[in-house]
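Undergrad: Read off the chains here:
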Amino acid sequence: MEAKQTLDARGLNCPLPILRTKKSLISLQSGETLKVISTDPGSLKDMSSFCSQTGNELLSSQQQGKDFEFVIRKA
Amino acid sequence: MKITEQHQTQSIPTDLAGLDAWLDKKLDEKLAQRKAARTPSLAIIATKGTMDMAYPPFILASTAAALGWDSSVFFTFYGLGLLKKDLQIKVSPLGNPAMPMKMPFGPEWLQHINMKIPNFVAGNMPGFESFATAMMEQTTKTKGVPSILELRDICVESGVKLVACQMTVDLFNYRKEEFMPEISEWIGATTYLASAKDADICLFI
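If you read the sequences in order, they're chains A and B.
Be aware that the first sequence starts at 1, since it is given in UniProt numbering, and climbs by one per residue.
Be aware that the second sequence starts at 1, since it is given in UniProt numbering, and climbs by one per residue.
These aren't lab readings, by the way, just hints derived from the structure by calculation.
Hints are not guaranteed to be accurate.
Stated by the list, open to error - Straight-line Cα separation of at most 30 Å, DSSO-like style, residue types lysine-lysine; simulated pairs:
1) LYS45/A x LYS26/B
2) LYS66/A x LYS4/A
3) LYS141/B x LYS23/A
4) LYS35/B x LYS45/A
5) LYS4/A x LYS45/A
6) LYS141/B x LYS161/B
7) LYS143/B x LYS23/A
8) LYS74/A x LYS48/B
9) LYS102/B x LYS45/A
10) LYS84/B x LYS48/B
11) LYS176/B x LYS90/B
12) LYS141/B x LYS84/B
13) LYS48/B x LYS35/A
Unchecked claim - Chain A stretches covered by chain B per the calculated footprint, using a threshold of three residues with CB under 8 Å from any CB of chain B:
14) 11-20
15) 49-57
Quantities reported herein were computed from a predicted structural model and do not represent experimental measurements.
The C-beta atom is built at its ideal place from N, Cα and C for all residues, glycine as well.
Use the sequences and the hints to build the structure in full.
TA: Rendered as structure tokens:
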């Protein structure tokens, strides 16, 4: 499935991946998806906490080499 | 068995034990509903103006705002300096003995070495504080950690309430013009307590 928008948060550290994710989600419509790529290992747990707190749905969360990839569906 | 049937039809049980169980269940449901509808809130008191002490309030406040929470920071005493238009903050190795002294650049092996610099050198040598600050700024940059100024801008953008202490301005002979116009209020202890009373998380940093 192709995400509506992709956010490259590689090289950014806590809390920037989450703050940029929040910012990117603003421009999306409800139901549209955002793909986030990060290198911060902390973002694995943070992204899932962010989604459970904000009601957005974390469709997938996986490691690709040194990168972490997340797909989020906006609530 | 009788109670279970009554629950299914949602009628109120007439016996005491049944009524008790029914009330417990109803209360749990109501409380869960209220908790889900409530916007969580974070109220931080920032009292220190050095770079190391500026990170926690700005990181937590901006992240709370990203989570959709009500987020506010009350800046008082040395913390008020963090709201200056011309932000010049430093990190001091003096009285900060646990601060690691590591090179932000150079070969990998060198970056991992913690240089043992005696406190009387770190604290007394002219220019050491500026040197340590420059090193720390470089480290945050290479590690992708935002600068304090960047975090402060994000806080403003994302609607974090930046509240300033009125008494501190008088105490340190500041002028209000020296501070950023985005400050939402200049308040005292009473107003702060009243606003922080219902916060879910209150931190003193």
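Undergrad: Does each hint fit the structure? Answer for all of them.
TA: Now the hints, each set against the structure:
Pair hint LYS45/A plus LYS26/B does not hold up; C-alpha atoms about 34 Å apart against a cutoff of 30 Å. Proximity of LYS66/A to LYS4/A is assessed by CA-CA distance (about 23 Å); at most 30 Å being required, the pair is judged to hold. For the given pair, LYS141/B sits about 21 Å from LYS23/A by alpha-carbon distance, which is consistent with the 30 Å threshold. Simply put, LYS35/B and LYS45/A have alpha-carbon atoms about 23 Å apart, close enough for the 30 Å limit, and the pair holds.
As the CA atoms of LYS4/A and LYS45/A are separated by approximately 23 Å, the hinted pair is consistent with the 30 Å bound. Annotation: proposed proximity of LYS141/B to LYS161/B holds, straight-line Cα distance about 26 Å (limit 30 Å). Taking the CA atoms of LYS143/B and LYS23/A, the gap is about 21 Å. The hint holds against a cut of 30 Å. Between LYS74/A and LYS48/B, the direct Cα distance comes to roughly 38 Å. Violation of the 30 Å bound is thereby established for this hinted pair.
The hinted pair formed by LYS102/B and LYS45/A meets the criterion: a straight-line CA distance of about 28 Å does not exceed 30 Å. Among the hinted pairs, LYS84/B with LYS48/B is consistent with the structure: their alpha-carbon atoms are about 13 Å apart, no more than 30 Å. Of the supplied pair hints, the one linking LYS176/B and LYS90/B holds, its CA atoms being roughly 22 Å apart against a limit of 30 Å. For a cut-off of 30 Å, the pair hint linking LYS141/B to LYS84/B stands: about 22 Å separates their Cα positions.
The suggested pairing of LYS48/B with LYS35/A is violated, with an alpha-carbon distance near 38 Å, which exceeds 30 Å. Coverage of the stretch 11-20 of chain A by chain B holds. Counting CB-CB distances below 8 Å, 8 residues qualify, and the rule asks for three or more. Counting residues of the stretch 49-57 of chain A whose CB falls under 8 Å from any CB of chain B gives 3; the rule of at least 3 is met.
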